[in-house]
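Chains as they are written, first to last, in the working numbering: chain A, 1 to 323; chain B, 1 to 323.
Keep in mind that the hints were calculated from the coordinates and are not lab data.
One or more hints might be untrue.
[To be verified] Once the Cα atoms are required to be at most 27 angstroms apart in a straight line, the calculated DSS-like pairs of lysine-lysine come out as: (1) B:K300 with A:K55; (2) A:K300 with B:K55; (3) A:K209 with A:K55; (4) B:K165 with B:K300; (5) B:K300 with B:K55.
[Unchecked claim] Computed from the model, here is a short list of chain B residues facing chain A with C-beta under 8 angstroms: (6) S8; (7) D9; (8) L24; (9) V25; (10) R28; (11) G29; (12) A31; (13) E32; (14) S40; (15) P106; (16) V108; (17) P110; (18) R111; (19) G132; (20) Y135; (21) L206.
[Claimed, not checked] Pairwise CB distance ranges (calculated): (22) A:E61 with B:R111: 29 to 39 angstroms; (23) A:A60 with B:D58: 32 to 42 angstroms; (24) A:D240 with B:A95: 17 to 27 angstroms; (25) B:D9 with A:G317: 52 to 62 angstroms; (26) A:E238 with B:K55: 23 to 33 angstroms; (27) A:A45 with B:A45: 16 to 26 angstroms.
We put the beta carbon where it would ideally sit given N, CA and C, even for glycine.
There are 2 protein chains.
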Amino acid sequence: MAVYTEVSDDALRAFLAEYDVGDLVAYRGIAEGVENSNYSLKTAAGDYILTLYEKRVDPAELPWFLGLMQHLAHRGIVCPLPVAGRDGAALRVLAGRHAAITTFLPGVWPRRVGQEHCAPLGTALAALHRAGEDYAPVRANALGPQSWAPLLTRSLADGGAAADKVQPGLAAELQNAVETIVASWPTGLPRGHIHADLFPDNVFFLDGKLSGLIDFYFAATDIWAYDIAVCLNAWCFESDLTFNVTKARALLHAYGAVRPLSDAEMAALPVLCQGAAIRFALTRLFDWINTPAGALVTRKNPMEYVRRLRFHLSATGAHAYGV
Amino acid sequence: MAVYTEVSDDALRAFLAEYDVGDLVAYRGIAEGVENSNYSLKTAAGDYILTLYEKRVDPAELPWFLGLMQHLAHRGIVCPLPVAGRDGAALRVLAGRHAAITTFLPGVWPRRVGQEHCAPLGTALAALHRAGEDYAPVRANALGPQSWAPLLTRSLADGGAAADKVQPGLAAELQNAVETIVASWPTGLPRGHIHADLFPDNVFFLDGKLSGLIDFYFAATDIWAYDIAVCLNAWCFESDLTFNVTKARALLHAYGAVRPLSDAEMAALPVLCQGAAIRFALTRLFDWINTPAGALVTRKNPMEYVRRLRFHLSATGAHAYGV
Chain A
1 MAVYTEVSDD ALRAFLAEYD VGDLVAYRGI AEGVENSNYS LKTAAGDYIL
51 TLYEKRVDPA ELPWFLGLMQ HLAHRGIVCP LPVAGRDGAA LRVLAGRHAA
101 ITTFLPGVWP RRVGQEHCAP LGTALAALHR AGEDYAPVRA NALGPQSWAP
151 LLTRSLADGG AAADKVQPGL AAELQNAVET IVASWPTGLP RGHIHADLFP
201 DNVFFLDGKL SGLIDFYFAA TDIWAYDIAV CLNAWCFESD LTFNVTKARA
251 LLHAYGAVRP LSDAEMAALP VLCQGAAIRF ALTRLFDWIN TPAGALVTRK
301 NPMEYVRRLR FHLSATGAHA YGV
Chain B
1 MAVYTEVSDD ALRAFLAEYD VGDLVAYRGI AEGVENSNYS LKTAAGDYIL
51 TLYEKRVDPA ELPWFLGLMQ HLAHRGIVCP LPVAGRDGAA LRVLAGRHAA
101 ITTFLPGVWP RRVGQEHCAP LGTALAALHR AGEDYAPVRA NALGPQSWAP
151 LLTRSLADGG AAADKVQPGL AAELQNAVET IVASWPTGLP RGHIHADLFP
201 DNVFFLDGKL SGLIDFYFAA TDIWAYDIAV CLNAWCFESD LTFNVTKARA
251 LLHAYGAVRP LSDAEMAALP VLCQGAAIRF ALTRLFDWIN TPAGALVTRK
301 NPMEYVRRLR FHLSATGAHA YGV
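For reference, chain A alone in the conformation it holds in the complex:
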């Protein structure tokens, strides 16, 4: 549930006066989302999303994120388009937070992923990568391989007791995995801007078709195929954490039809998937250990990604993913 900054109607009206979107008609806080506060906003001109950036987002990076969304939208990717105020600025301040208005995207994210979602996802991901090619600014991936050992160290500051309370032996298992994965991390693979968090709740469908991609606030410049690995983790495991190779094959084939994967990218799929799994296992473990009991957020169990990680560690090649 959302971290939640309360916005007064007076403050919002003053904020909207800087835009050409007409008068305020309604606004309601959105319950989904963890990182930022989101409001659905209706004005005389239509529906929008108002986002207030909470403390996990570095304000200095907001222009990069908004610029990427603007660039992608102009290249035909259906994603939230930042709305500029009359002075041309899309990034402003509201209720003590950096804030932006973006266009509203119709569509519904799939609560239960089916095989039919995976090919459109692969197509959209490849199109996203292609569309980002001529967006010049770069952003290092703050949650890339170089971040994993330090992040794990912070979670094991108590000698691993908290981690081992999640599951006995977890501290040692994660330490070994980080070492192994970072040591075999591929170099020289094609790079560009990646979404880096393309989970089902960030992908909308409408009438059976993919209708939009949202939430670009983990986007970064990194290995393209790593973005595929994030999706294989997030979309291709069943609720019992068995791997659905049919979904994976659909995703990979559809992606490859837009941007063919090289042999090196194919060969790297297992380690990239291991990396994606440990990235989410590590942030979830950190949040699990450090979220106060009374916090207004739901903690996610890190073991769901530790179990995915084990699957990928057992994969000996791209064939494990159906290709």
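Dock chain B against chain A, hints included.
Frame of chain A, contents of chain B only:
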């Protein structure tokens, strides 16, 4: 923040197939609200609110609430209108909860109450009372005077230790107040259907005019002027808990222009306001004591209503409220 039942897109599509509202376009959980789960829902036909009734609402009473809203809407009160399915039923089941779709009301509730809000509020409240006159079914007020002593007893089950932890002496202060207020509770005052929870977040304004009333799930058949007393408590105290008599006068005059208050109603204002203050003090105290630390709801401090109660106990007549 809302108690929150997750609804899958598949389940929602199946649910919507029972209605003539066209295909699903988008839905998002609404962060506001405590008692029920609310979604903003967009279909090909427009905007709606989807409500899932959580456990505090007695399913047997839902037809009364929905019937009242339907009745009031047809009498010209702008309130959510329950939308019937093709079979004529407005009350259905979704995700294991009783659920209903209502119309979307444009407007924004005032985060900071100004004097200009209070006259429209009084007018709307009196109109609501008048419009409800020919809605025949009755509902006893489950949070009326007869409920206060038992509710307090449950909060003092530990001998008053938890209450006295909120503020030393609170247990005895509330026991005395309940006895005094119930003993002097007025009889014979005009009755009808009341909203009983008309706080600022349940009243929408648009372009400076009151545009709608929402959340009728505490409505009951009780003393009309008690509804005014709830509003005097909720709208006419400043954030430092001083009483703003100018706001009260605006509210009472506007109300009286639509439904004139009798001398008996005027004379009863202090005790009715005491009753309204203790009703909210008691439910907040109960929730304060019984809300587990990890719960996804924000507890409200009961002292805000204890301090209002003290003001009303010092009031010697209607003149304290500006009339």
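Here is what the structure says about each hint:
1. B:K300 with A:K55: 25 angstroms, holds
2. A:K300 with B:K55: Roughly 25 angstroms separates the two Cα atoms, so the pair holds.
3. A:K209 with A:K55: 34 angstroms, violated
4. B:K165 with B:K300: 15 angstroms, holds
5. B:K300 with B:K55: Measuring from Cα to Cα gives roughly 19 angstroms; hence the hint holds.
6. S8: Since the shortest Cβ distance to chain A is 4 angstroms, the answer is holds.
7. D9: Holds. Min distance 5 angstroms.
8. L24: B:L24 check passes; min Cβ-Cβ to chain A is 6 angstroms, inside 8 angstroms.
9. V25: 5 angstroms, holds
10. R28: Check passed: Cβ of B:R28 comes within 5 angstroms of chain A, closer than 8 angstroms.
11. G29: 3 angstroms, holds
12. A31: Interface hint status for B:A31: holds (3 angstroms vs cutoff 8 angstroms).
13. E32: 6 angstroms, holds
14. S40: 6 angstroms, holds
15. P106: The hint holds - B:P106 has a Cβ within 8 angstroms of chain A, the shortest such distance being about 5 angstroms.
16. V108: Holds. Min distance 5 angstroms.
17. P110: It holds, given that the least Cβ distance between B:P110 and chain A is near 6 angstroms, below 8 angstroms.
18. R111: Since the shortest Cβ distance to chain A is 4 angstroms, the answer is holds.
19. G132: 26 angstroms, violated
20. Y135: 28 angstroms, violated
21. L206: For B:L206, the interface hint holds, since the closest Cβ of chain A sits about 7 angstroms away, which is under 8 angstroms.
22. A:E61 with B:R111: 29 to 39 angstroms: 30 angstroms, holds
23. A:A60 with B:D58: 32 to 42 angstroms: Given about 53 angstroms between the Cβ atoms, the range is violated.
24. A:D240 with B:A95: 17 to 27 angstroms: 22 angstroms, holds
25. B:D9 with A:G317: 52 to 62 angstroms: At roughly 35 angstroms between Cβ atoms, A:G317 and B:D9 fall outside 52 to 62 angstroms, so the hint is violated.
26. A:E238 with B:K55: 23 to 33 angstroms: Holds, since A:E238 and B:K55 (Cβ atoms, about 31 angstroms apart) stay within the stated range.
27. A:A45 with B:A45: 16 to 26 angstroms: About 20 angstroms separates the Cβ atoms of A:A45 and B:A45, which means 16 to 26 angstroms holds.
Of the numbered hints stated above, those contradicted by the structure are hints 3, 19, 20, 23 and 25, listed in ascending order.
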